[in-house]
Amino acid sequence: MVPMDLAVKTEDLTRVFRLRKREGGREVLALDRVNLEVRRGELFGLLGPNGAGKTTLIKILATLLAPTSGRAFVAGVDVVENPAEVRRHINMVCGGETSGYGLLTVEENLWMFAQFYGIPSREARRRIGELLSLVGMADRAKTKVYHLSSGMRQKMNVVRGFLTDPEILFLDEPTLGLDVQTARTIRGFIRQWLREHPDRTILLTTHYMHEADELCDRVAIIDRGRILACAAPAALKKTLQREAVFRLYLEGLADAKAALDGMPGVRALAQQEEDGRLRVDLILSEEEVLVSVLSRLQAKGAKLAELRKEEPTLEDVFLALVGRRLSEEAP
Amino acid sequence: MTWQIRTFLRTVVGRAYPRFIGVWREKSWVIFDVFFPLLQVSAYVYIYRAIGAPPEFAGFAVLGGAMIAYWMNVLWSMASQLYWEKETGNLQLYLIAPTSRMAILLGMALGGLTATTVRAAGVILVGALLFRIPLRVGHGALFLGVFLLTLVALYGLGMLLSSVFLLWGREAWHLSNLFMEPVYLFSGFYFPVRALGFWVALVASVIPITLGLDALRQLLYPQLMERFRFLPVEAELGALAALAVLFLFLAHRGLRFFEELARREGRLTLRGQ
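If you read the protein sequences in the order shown, they are chains A and B. Numbering-wise, the first sequence is residues 4 to 334 according to our numbering. Numbering-wise, the second sequence is residues 809 to 1081 according to our numbering.
Don't take each hint at face value.
Within a straight-line C-alpha distance of at most 20 Å, the following computed DMTMM-like cross-link-like pairs (lysine to aspartate or glutamate) qualify [what the hints assert, rightly or not]:
| no. | chain 1 | residue 1 | chain 2 | residue 2 |
| --- | --- | --- | --- | --- |
| 1 | A | Lys-260 | A | Glu-276 |
| 2 | A | Lys-12 | A | Glu-170 |
| 3 | A | Lys-24 | B | Glu-979 |
| 4 | A | Lys-306 | A | Asp-278 |
| 5 | A | Lys-145 | B | Glu-834 |
| 6 | A | Lys-147 | B | Glu-834 |
| 7 | A | Lys-24 | B | Glu-1073 |
Covered, in the sense of this in silico footprint (three residues per stretch, anywhere, with C-beta under 8 Å from a C-beta of chain A), are these stretches of chain B [said to hold, decoys possible]:
| no. | region |
| --- | --- |
| 8 | 811-822 |
| 9 | 826-838 |
| 10 | 894-904 |
Anything over 10 Å on all C-beta distances counts as not near chain A; from chain B, calculated [claimed, not checked]:
| no. | residue |
| --- | --- |
| 11 | Tyr-852 |
| 12 | Arg-857 |
| 13 | Pro-862 |
| 14 | Arg-940 |
| 15 | Leu-943 |
| 16 | Ala-980 |
| 17 | Leu-986 |
| 18 | Arg-1035 |
| 19 | Leu-1045 |
| 20 | Ala-1050 |
Keep in mind the hints are simulated off the structure, nothing from the lab. Where is the CB? At the ideal position from N, CA and C, for every residue including glycine.
Okay, chain A solo, but in the shape it has when bound (with noise of 0.2 Å):
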């Protein structure tokens, strides 16, 4: 029995996905015993590099793939054993989707989903004209879907996934490759959503730490298919409040990972190029490590030419629990 203020509760979910032959035929784990609690009225956010498992929950959660063990509720309702039922309870938007016909204008085509879920037209209508108005497109109502930007096309994919007025929504990577202004429009537009209904709940998977920082109430960290972490933003990046985050700029140097490789004391380091120098970023145990880092990156050569003490972010945590930054691929 799925406790009444649970919107989604998995038990071990795993999923175990067999490649082709002709693609080696050995199996990939996908999802590894995931255990998660959202509770309803939240904006829960799953937070992982890509291939980290996220779009794999969100597809066995919205009944278009099976587990390999484990079980998964959604609004209560086991999605294997009831998907129909969970069906009636959800809707969701994917980044970067195509979906749709082009030609059919923009009302059109949400007309047409609307009826999927057996929304009157004259009450699809209603809410189609509200929700373009809110994402700034009611004077693209009329315009054929094949002339839109792709910009415009998500802001109509996310109209869709809310005209349903689902209890349960799934976004996966909703700003996918998205400009800043129409991100920033479709973040703005949750927000006002889940204020105006605040029953309703919110599952959105991203790799952009800064949206899950603002959006959600709480965020899971999700790498390999395992969570590592699960709170609220606040209370993830307070987990790092008792070691020091620092970012340098060396020149000279073309590795500091090697240069300060089981130096103790610092607990995990990302670095990049970036305009001809090396940016390092550093989690370090206790601000007094930072004497005998900049000693060691000396010795090797290296230059140093910014120093930043940073407050600790979601990216931060991120690079504590798993050792790289979200934009890294696994290795």
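With the hints as your guide, set chain B onto chain A.
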């Protein structure tokens, strides 16, 4: 009316809509679906004229040319449609909707059928005027009945193939290519199927157009078809009804089976498969 039935009906109308509207918004079908098929029909009409065949033979070819539009629609806009829907991302949105999959297929079928009827009518009208083909329907109601039953059975087959495509996307898509030309021949689109021999015609009857065309030709040209008919119209009507029920039943079961299998194998949303 319960919520399920209302949603079923709304889904049918909603999914049929893009196809209805497509007829008016994309007029290129006049070239591709009327003019080009007429070229092929013309070739047969001129062959029949050159060998001094009765003028009804030209009617065989025009009727076959019109029915080709339906076969093409079933292959490319029914059977392989879910493959395209998967590629564009629509399929997953259909599948997470709390509606019947059969309603979606039915909407596709009704929309396609209506749009294709406009095209087929174009082929018959232009063909009949161009080649002055005698078209006299003696038994109007029976003719309409055979025609509609042929379409129900044909689109039932399309729905069945569509459910198969849910699992074997790209591979099954190649099958559509494979089905196209051979069916033109074995279903007797341009000549009475009896010419291929009884047993070949019998095997070809699994494609409902084979029986439908033969019955329609018998009703249009009863005297001439006395010599060329495959089976009596009543038998063909019965067989078409049986095929319609069988295909719709198999489509319903197949859709459920293949969707479940595809969900387990993770192939419902995997593009390029």
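Claimed coverage, the region 826-838 of chain B by chain A - three or more beta carbons nearer than 8 Å = Holds, because 5 residues of the region 826-838 of chain B bring their Cβ atoms closer than 8 Å to Cβ atoms of chain A.
Holds or violated: is the Cβ of B/Leu-1045 farther than 10 Å from all Cβ atoms of chain A?
-> 35 Å, holds
Evaluate the condition: distance from the CB of B/Pro-862 to the nearest CB of chain A exceeds 10 Å.
-> 44 Å, holds
Outside-interface status for B/Ala-1050 - nearest CB in chain A farther than 10 Å = 31 Å, holds
Given pair status - B/Glu-1073, A/Lys-24, alpha carbons within 20 Å = This hinted pair holds, its Cα atoms lying about 14 Å apart.
Pair hint A/Lys-24 and B/Glu-979, alpha-carbon separation not exceeding 20 Å | 16 Å, holds
Does A/Glu-276 lie within 20 Å of A/Lys-260 when you go C-alpha to C-alpha?
-> Holds, at roughly 13 Å.
Straight-line alpha-carbon gap A/Lys-147 to B/Glu-834, limit 20 Å = 12 Å, holds
So is B/Arg-857 really clear of chain A, every C-beta pair being over 10 Å apart?
-> Holds, since 40 Å exceeds 10 Å.
Minimum Cβ-Cβ distance from B/Arg-940 to chain A exceeds 10 Å = Holds, since 37 Å exceeds 10 Å.
Please confirm whether B/Tyr-852 is truly not at the interface, meaning its C-beta sits more than 10 Å away from all C-beta atoms of chain A.
-> Check passes; 33 Å lies beyond 10 Å.
Do at least three Cβ atoms from the region 811-822 of chain B come closer than 8 Å to Cβ atoms of chain A?
-> holds (count 7)
The structure meets every hint from the earlier list without exception.
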